[in-house]
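Residue numbers (this note's numbering), protein chains in the order written: chain A, 1 to 650; chain B, 1 to 262; chain C, 1 to 331.
The hints are simulated quantities; they were obtained by calculation from the structure and are not laboratory data.
Stretch-level coverage of chain A by chain C, calculated; a stretch enters the list once three of its residues show a Cβ under 8 Å from a Cβ in chain C: (1) 256–270; (2) 363–376; (3) 408–414.
Here are a few chain A residues that sit away from chain B, every Cβ distance over 12 Å (derived from the structure): (4) Pro-50; (5) Asn-79; (6) Val-108; (7) Val-134; (8) Ser-322; (9) Gly-350; (10) Glu-351; (11) Asp-391; (12) Leu-431; (13) Pro-454; (14) Glu-615; (15) Ala-617; (16) Gly-622.
Please read all numbers here as calculations on a predicted model, not as lab measurements. We put the beta carbon where it would ideally sit given N, CA and C, even for glycine.
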Amino acid sequence: MSQETRSPQARPREAGTAPRHRRAHTLRTPVGVTALTGCLLVALVAVLGPVLLGTRAARIDTDAINQASSAAHLLGTDNLGRDIAARVVVATRLTLELTLLATAIGTVGGLLLGVAPAVLGRRAGRLITATVGVLVAFPGLLFLLFLATVFGVGSTGAVWAVGLAMVPPTARLVQNLTASVAGADYVAAARILGVGRCRLVVRHLLPNIAEPSVLYATQAAGGILVAFSGLSFLGLGVQPPQYDWGRLLNEQLNRIYVNPVAALAPGLAVVLTGLMFGLVGEALAQAGGRRAPRPRPAAPRRAVTPAREAAADTVPDAADGSLVQVRDLRVTFPGGRHAVRGISLGIGAGEAVGLVGESGSGKSLSALALADLVPHPGRTGARTLRFDGHDLRADPRLGTSLAMVFQDPMAALNPALRVGRQLAEVAEVHLGATRAQAAARAADRLGAVRIPAPERRARQRPHEYSGGMRQRAVIAMGLMGQPKLIIADEPTTALDVAVQQQVLDLLAEVRADSGAALLLISHDLAVVAQVCERVLVMYAGLIVEDLPVTELARGAAHPYTRALVGAVPTMTTDPGTPLATIPGRPPEPGEDGGGCSFAPRCDRARERCHAAAPELAGFGTGRRVACWYPVGTTAGASAVTTSPEGETAS
Amino acid sequence: MSSLELRGITVRYGRFTAVQDVDLLVPEGTVTGLVGGSGSGKSTLGKAVVGLAPRTAGRVLVAGRETDRRRGRGPVQLVFQNPYASLDPRMGIGAAVAEALPGPAAPRSRPFRGTPARARRAARDAEVARYLELVGIDPSRAALTPDALSGGQRQRVALARALAARPAVLIADEITSALDVSVQGAVLNLLRRLQRELGFAMLFISHNLAVVRYLSDQVAVLDGGRLVECGPTDRVLRRPAHPTTRTLLSCVPTLAPTEDAS
Amino acid sequence: MAAAAPRPLRLLRAAVRSPWCGFALRRTWRLVVSLAALVTAAFAMIHLIPGDPVRAALGTTADPALVAARRHALGLDQPLLHQYGDFVGHLLQGRLGDSIGAQMPVSQIIATRLPATLEIAVPAFWLILLLAIPVGMTAAVLTKDGRRRRGELAFTTVTGVLGAVPEFLLAVGLVAAFAVALPVFPVASQSGPASYVLPVLALTVVPAATLSRIVRVETLRVLGEDYMRTARAKRLPARLRYLRHALPNLLTSSLTLGGLLFSSLLAGTVLVEHVFAWPGLGTTIVQAITEKDYPLVQGVVLVYGTAALLITFAVDVAVAVADPQSTVRGS
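All chains should be built: construct the whole structure from the sequences, respecting the hints.
This is how it looks when you write it as structure tokens:
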């Protein structure tokens with residue numbers, strides 16, 4: 001996903017999801033309620049069980065040996081005539097006690113070993129990490145059996161065995177968590193500030209690993225309960241006359257023919273209690289926001305107002321020969337968030353058009369909508385969406401006439417497949433080429449984008465390519481057919497300056513060779529200015545200006561375009577003057593006051609700007625602008641604001 | 001305020017040499033831009049100065065005196081590239097700035113009672129408020145955690161934290177490259193204004209020559225871990241002596257291709 | 001001759017520097033260290049037991065002369081270092097000492113019991129893979145992008161509950177259902193093909209449920225990757241997108257995460273064998289622990305531990321071959 005499509009989620013968190021609020025909210029979710037009820041119930045049984053049923057569970061009745069379930073004995077009796085139901089209830093306390101004790105041993109040991117490498121010196125830390133690394137390779141049960149042998153058969157030995165067996169995996173988890181936090185920039189910043197090692201652990205490390213650690217301990221408690229029961233079940237844990245659920249299971253297993261319920265009941269108790277621990281963990285995870293509760297069903301979707309409909313007709317219909325014709329394109333997300341709010345554009349055959357805007361402006365989504373790649377749950381709608389004479393809404397299959405180049409070449413190629421294969425399959429699927437023909441064409445295309453030794457390179461996987469070379473390979477992939485349009489979404493943002501230049505040159509060259517049109521999306525005006533003939537500027541989901549690239553540097557008519565141009569220093573900016581800034585922030589998708597969306601940040605805004613939204617209208621030859629008072633029309637209109645501080649906290 | 005002098009800085013990771021024998025002087029109260037392609041070692045050099053990257057050889061002198069490599073608040077502070085990673089997500093922004101203030105440990109965020117430490121705490125809070133105001137953040141938002149702030153605001157807080165440590169030298173490591181275009185200008189303006197007001201020496205690391213040109217008095221060019229060219233901004237950018245500098249210059253995209261003479 | 005030497009040397013040096021060689025060296029070294037730790041732990045076990053292990057095994061009333069003789073037979077009267085040397089030396093010759101209880105060489109006991117364990121563990125292993133991968137992938141494809149919320153809930157609930165049930169309880173449940181209530185399969189012991197069904201099933205269900213959850217999550221992650229969008233941009237048919245582009249990527253990451261599952265499967269046989277009175281290694285070790293037959297415990301621990309280490313090693317190598325990128329990146 002590009003940054004663009006992610007931005008709605010990346011917005012600052014609203015006050016409504018503050019931690020405390022979220023905790024209260026979690027308690028009301030089904031998971032929270034179930035976990036809480038389960039906890040109370042188990043605790044109640046553990047406390048009251050032995051008090052109420054203790055004597056009944058211990059009473060030996062030689063007249064009622066090995067009975068099946070009856071009204072008097074719900075689950076029957078054991079070989080001494082004791083009531084099994086009562087024994088299952090009474091065993092709750094011991095089982096829980098031992099489980100919690102072992103969990104405490106495991107958690108404390110794991111935390112100590114896990115945090116130690118961060119606190120101790122490098123050598124001691126490495127030794128601990130290596131030891132833990134060796135220990136986790138062994139399955140828990142084997143470790144358990146080993147420790148059980150050493151500690152001997154019995155509950156004390158079993159508690160230590162089960163608890164210590166939990167130490168290595170816990171330590172490994174804590175180590176990984178600590179390492180990821182310790183590598184974070186904010187810890188580095190604290191180090192530069194001279195924050196001491198202990199303070200670092202207390203103030204920065206522990207708060208950031210506490211939540212996942214507690215979560216893990218809760219879920220591990222479920223595992224410990226099972227492990228303990230397993231040990232008792234094997235006869236290695238709790239010894240008579242004491243009994244826990246595992247021991248009961250062990251005693252009743254032989255009679256499973258005669259009285260299966262007696263064997264199943266303690267087992268069921270183990271499973272249900274284990275599930276409860278899991279649920280508590282789940283609820284804690286939700287409360288901590290690591291797995292946010294599902295958002296409530298979206299608010300009733302705002303009806304899409306046909307306000308702009310009339311205006312769409314005034315848009316000069318792109319010439320009949322144009323390759324792409326888009327009218328009133330919208331991309332909507334659930335909850336009435338309009339990321340793209342009705343844009344119209346045309347791209348002529350062979351034309352190079354730049355689409356410029358900041359993150360959240362909807363530029364990438366517009367491009368993805370053209371290629372029918374809008375990520376779920378976004379929806380695309382348009383009045384006209386034509387490409388090369390086809391209606392894209394009726395037949396979205398573009399085949400090989402459209403090529404896409406994405407932002408991150410490291411992620412855009414499949415790491416598991418050879419590069420040649422990834423190119424060749426386009427020809428196989430769409431052009432009906434044989435495997436050999438397709439492979440030959442793939443090597444040919446790799447050569448066409450100046451990848452040296454293309455036959456050999458085609459057999460390599462993407463990780464053997466450098467960043468610039470991968471982007472070339474992606475471009476080559478688009479050239480497998482005869483593309484009429486290349487959509488490049490921030491193709492150079494992830495690349496080095498020198499490589500950026502090469503990729504831009506390559507795009508220009510490919511366009512000249514193939515005669516394809518180019519839609520280049522970028523946040524960088526200079527990149528667009530280098531390759532394109534025409535620039536579209538997007539702001540808050542709308543195109544606000546459409547101008548020839550030659551006018552960009554000095555002749556922009558929209559205040560936003562002028563501010564964008566002035567905000568970035570170029571090689572000719574006077575170092576003596578402050579840079580242009582745009583105060584405030586762009587509106588969130590769905591936040592629409594009815595006027596021009598840029599008005600709140602515009603120093604040229606008048607009453608009319610706040611009241612009504614200007615349409616994208618013709619402005620001189622081959623230009624369009626959506627502004628009531630474009631720069632250059634009103635006398636005395638100066639350039640953009642140069643207030644020293646923009647974007648101040650409101 | 002004082003100058004920063006690097007003498008023979010070398011950073012090696014195993015067999016790989018990231019920075020090789022770099023000598024550089026950032027004079028008192030001026031800005032030196034450090035440019036280079038990715039992998040040229042410019043960020044590593046910045047980290048080596050503050051002790052985040054292991055120095056294999058070389059000395060760092062602030063105001064002519066060698067910096068203490070032991071623990072403690074260094075006279076050099078660094079602002080990181082990514083404002084989403086450089087602030088502790090669990091710590092209020094006020095507490096983050098307070099942590100940087102010289103003096104005893106930062107106050108806990110407990111409501112005041114008539115404790116003896118009350119006055120000290122109030123003074124500290126006033127200092128935090130002053131630094132937040134300095135970078136244009138409303139001090140009443142000091143209790144917020146970073147996730148309530150935008151990228152530009154976070155970078156301002158990171159700047160406030162670095163300045164609160166009263167550094168003699170500030171290193172800015174690509175501080176605008178993670179920000180949106182319209183926010184970039186505001187942060188650059190702020191940095192320039194503060195540098196002029198407070199007069200600290202600054203090493204400004206960036207891959208963007210235009211930004212470096214805008215801010216710096218002097219430009220240093222790194223390539224493959226070596227310093228290949230260093231001189232006054234005007235001279236280096238008008239008459240580059242080294243091929244690497246020329247390549248970097250030719251790769252700067254400009255708004256109006258026609259203006260580009262070279 | 002002198003002129004010819006540098007070339008192979010250069011090749012060798014290049015090979016040593018390649019990430020593959022580094023990886024092989026690191027993993028082999030880790031295996032060796034782990035094996036050494038295992039052997040040492042197995043040796044140390046008998047000395048860590050509080051009190052006299054021989055007296056513990058033979059009982060407090062045993063004849064002192066007999067105890068002394070057994071101590072001598074086990075070599076426990078030798079200096080510790082000498083004992084360790086002997087232990088490792090014998091191990092290298094395949095000798096694991098004699099069982100205290102059965103008066104038989106431990107290696108012989110293991111040789112007779114190991115096949116029974118493998119006969120249920122190996123089919124269970126394949127069954128887990130054959131069930132979990134298609135099920136997890138299908139579930140992911142059907143519920144991607146938050147579609148079919150109910151189906152997703154049903155899948156996570158069922159696999160979650162199944163994954164929470166310990167193997168031995170599932171085994172007991174299976175016996176109660178399919179051997180007692182509905183006598184389709186035999187209750188216990190090894191006899192004919194039908195007797196394999198319940199033990200294998202008991203070993204399969206829990207890890208398969210857990211692994212299918214992992215596979216689902218991994219599939220969802222892979223489906224959200226940029227290269228899957230590239231595949232969509234190429235207008236590839238769904239079949240190719242899922243099988244050719246998604247499957248290899250999710251296999252490697254699922255196996256990495258699921259690797260531990262397989263070594264714990266081996267340990268799971270201990271409990272399952274106990275339920276079904278299966279004449280494998282699991283019942284042997286439980287018996288040996290209760291009877292304090294320490295040389296036998298030592299032997300079985302060594303076998304289980306080595307098997308677990310080899311499985312982890314094999315999974316690591318398999319993942320590395322399938323996904324060289326992670327090898328180069330990884331530790």
